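K.L.:
Join the two chains, each given in its own frame, into one complex according to the hints.
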Amino acid sequence: MTFKQMFTSSVGKKLVMAFTGIFLVLFLVVHAGLNACIWAMDGGVTFNKAAHFMGSFIVPRILEIGLFLGIFLHIIQGYMLTLENRSKRKIGYEVNYSKGSKWYSRSMAILGTILLMFFVIHWKHFWVPSRITGVEEMDLGNGFIVHNLYAVMQDTFENVWVVLFYVIACISLGYHLAHGFQSAFKTIGVHNKRYHAMINTIGFGFAIIIPLAFALMPISFYLHWVN
Amino acid sequence: MSQNTMNLKVKVWRQKNANAQGAFVTYDVAGISDEMSFLEMMDILNERLITEGGDPVAFDHDCREGICGMCSMYINGKPHGPWQANTTCQLHMRAFKDGETIVIEPWRANSFPIVKDLTVDRSAFDRIIQAGGYISVNTGNAVDGNSLPIEKQNADDAFAAAMCIGCGACVAACKNSSAMLFLSAKVSHLALLPQGAPERKSRVLNMVAQMDKEGFGSCTNTGACEATCPKEISIANIARLNKEYLGASLSAE
Chain U
1 MTFKQMFTSS VGKKLVMAFT GIFLVLFLVV HAGLNACIWA MDGGVTFNKA AHFMGSFIVP
61 RILEIGLFLG IFLHIIQGYM LTLENRSKRK IGYEVNYSKG SKWYSRSMAI LGTILLMFFV
121 IHWKHFWVPS RITGVEEMDL GNGFIVHNLY AVMQDTFENV WVVLFYVIAC ISLGYHLAHG
181 FQSAFKTIGV HNKRYHAMIN TIGFGFAIII PLAFALMPIS FYLHWVN
Chain V
1 MSQNTMNLKV KVWRQKNANA QGAFVTYDVA GISDEMSFLE MMDILNERLI TEGGDPVAFD
61 HDCREGICGM CSMYINGKPH GPWQANTTCQ LHMRAFKDGE TIVIEPWRAN SFPIVKDLTV
121 DRSAFDRIIQ AGGYISVNTG NAVDGNSLPI EKQNADDAFA AAMCIGCGAC VAACKNSSAM
181 LFLSAKVSHL ALLPQGAPER KSRVLNMVAQ MDKEGFGSCT NTGACEATCP KEISIANIAR
241 LNKEYLGASL SAE
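Which chain is which? The protein sequence lines are U and V, in order. Count the first sequence with my numbering and you get residues 1 to 227, in order. Count the second sequence with my numbering and you get residues 1 to 253, in order.
Okay, chain V solo, but in the shape it has when bound (with noise of 0.2 Å):
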């Protein structure tokens, strides 16, 4: 198979720190493959930067397979770029085309403070997962395979849910800045399941007070969170969570 190259331009927002005044800034970058990933693209643009002794463009990254959540650009006008269900290190050149402006911005969110460049702060989720996302787990012996039967539906369900990686695309996607497809898929994956059930209620209530205190908008139900999630989160979810915050609201002493 053939491979293409093709010369871009890539338009990055750069910041130094949390605290400094950003801008764009348009870089050339030549040569790149069609068969390159996105981050190959970005590390070929900061080798670049640091040979010219620049500063090289600050972006998340780890994994690099699509299961971490850590990368978290904002392409061309969508969380993780134009493919669906998908994450930026999953991005591939050939989704662009040659002379083409890329456009890249950080995630945008007062909750989610700018560190520097592209990199953001998401300790928010952290804090929103410490409030509730957990179950007590008896640690003892452990126990034979599928001696608790789940509901075929359920586990199904929840599995969807779990697939959450917590990148913060809905938060970067949603124009309220609402955190609730992330808070929904984890308050779902536990409701859903036995082992969830003793904490089920304090559990949506503590989670949704802490969203409120990140900062968090409120959910106006557009569906643009479900649209660019890369794990296909349904917005299904975010439904199940009104029902779990009322029911728990209205029975709480």
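Looking at chain U on its own, in the form it has when it is part of the complex (with noise of 0.2 Å):
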């Protein structure tokens, strides 16, 4: 058996999304918590210096190659997936069976498209100004010279569509979350009752924390809750 036939397997295109959606939970908890900087009230310093540390360490640069490895083949991977199942069915029923499964373990896709959405205007708001065409940068003292990205959280947070359409995202997160934590363990094989119940109730909880944290960072700033 090769690991070709292993990872195209039903089983095994299910073990990559399991693979990389659990990378990627990581990588929320790393983002959130670096972003949770903008509440240290101190005008940015703190936030910019993580994400000077961030965008300058060797270590988070490697990463960052991984998560959008990651990012991409989960896309592509779960595109290729919805798309395979439902081409199980041809001929489909008159009435829907929708009472066996929550509405959001049935649309994963729709959410993941709406995270696919918000991640290309997230990269055109952040991403690409801090890597490609600059941003205004913030002197620290000892000629410690940073970008200013938490000014442009700011300035990019006074428009309350971008507020509103970060908010629909993170809520989209959570759904995607709520279905996708305790999923991705199931399939990389945890079926013990105890570990099942555990892994459940901290996905559940993963899946409001986390989205709640990043949707009150657009509205702190629009609110002024933080300046």
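By construction, these hints were calculated from the structure, which means they are not laboratory data. One or more hints might be untrue.
In silico BS3-like pairs for lysine-lysine, Cα to Cα no more than 25 Å straight-line [said to hold, decoys possible]:
1) V:K97 to V:K9
2) V:K97 to V:K116
3) V:K16 to V:K116
4) V:K116 to V:K9
5) U:K90 to V:K116
6) U:K124 to U:K13
7) V:K243 to U:K193
8) V:K11 to V:K152
9) U:K90 to V:K213
10) U:K49 to U:K102
11) V:K231 to U:K193
12) V:K243 to V:K231
13) V:K243 to U:K4
14) U:K13 to V:K116
15) V:K16 to U:K99
16) V:K231 to U:K102
17) V:K97 to U:K99
18) V:K116 to U:K193
Bear in mind that the values here come from a model prediction, so they are computed numbers and not experimental data.
P.N.:
In structure tokens, the structure reads:
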């Protein structure tokens, strides 16, 4: 049996979704944790330092390549699986069976598409200026000059539509995680009832706390809770 | 106990053969007792159709005791009808109200092609079983009972998985037409017992390969299969199957 056969079987394709999904879940923790520095209430000094560390240190830069690979693999495999699975029932039902499963479990592709649209806009807001087109700089003293991404956030989140779109994306993320978190662990083979219950609880909490933390960021800037 | 009679409309999928164009046909069925089973109601409808010189509705059934896995109707948007942990043959007419329209569809999945009306070809399941759902048995003398110790929990889990009657409701309920609950029940049942150990790895690899060859979809853990399964096969079996597959495929040559 080759690795190709292993990862292209129906179970293997799901393993790819699960492994990349769990990697992206870990990324969310790092991203939310670093961004929480905006609430340090020091005019963005802590946040800009954290962002500078992530942008200049070799380890996060290497991980960033892994992140992009992971995210694109998750997206492409997700769409391919959705199309493939849909093609398995050429004639649909007159009455659909919706009581046996949650709507968000059946709508992972739609929720994922909202997230993909969000990523494109999100990268345009922050990643592109930071990596390519350049942003205004901030002098932290002793010649320590960093990108003022905090100011970019302040500026971006003045627009109510942007804030609203970010909040909708966070809600989508919450529901995507509500299914994805526990499903990923089932896919990699966690079947022990004790661990299962634990993962369900952690996944539920994660699906609320992380999107809520992210949603509070644009809201905090828009309502001037931070300055 | 007094019995009530009811008049119903039955909207059934009619299709002459595998290649014909199918369509729904609505029939009136009058004077149905709420003590009848669902299949008895279908029998009454068919008797009438035969008397009138029509073609009776083809549907699968055998034991009518809920243990053989032959009956297969998708009733009012749920495989085996509205009751939990129940097969179509064990469904009774008291589940419905007078004047109701009951929509009856066949299992829908490319891997279960329609033979006629509500009868589908489920031989894909047989081929999956043939690919590895067996054990190498030494057919010598009968051994003493309990000569092979098996942990109670494993025996219970294996027995619960062995409850699968292979009806295909999991495939019918799944939005991906995935056969994973069926397959996971068959793999778990043997993987948990010492008798299943010799073929443990090749079993899961061959059965997954056959399932894919038959054209079933991938599992996305929505849980619809578990919710509709007449034998309440746990979705935890799918997670066990995934573990069996991951282990077997990593260690295979």
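K.L.:
Tell me the numbers of any earlier hints that the structure contravenes, in ascending order.
P.N.:
2, 6, 8, 10, 14, 15, 18
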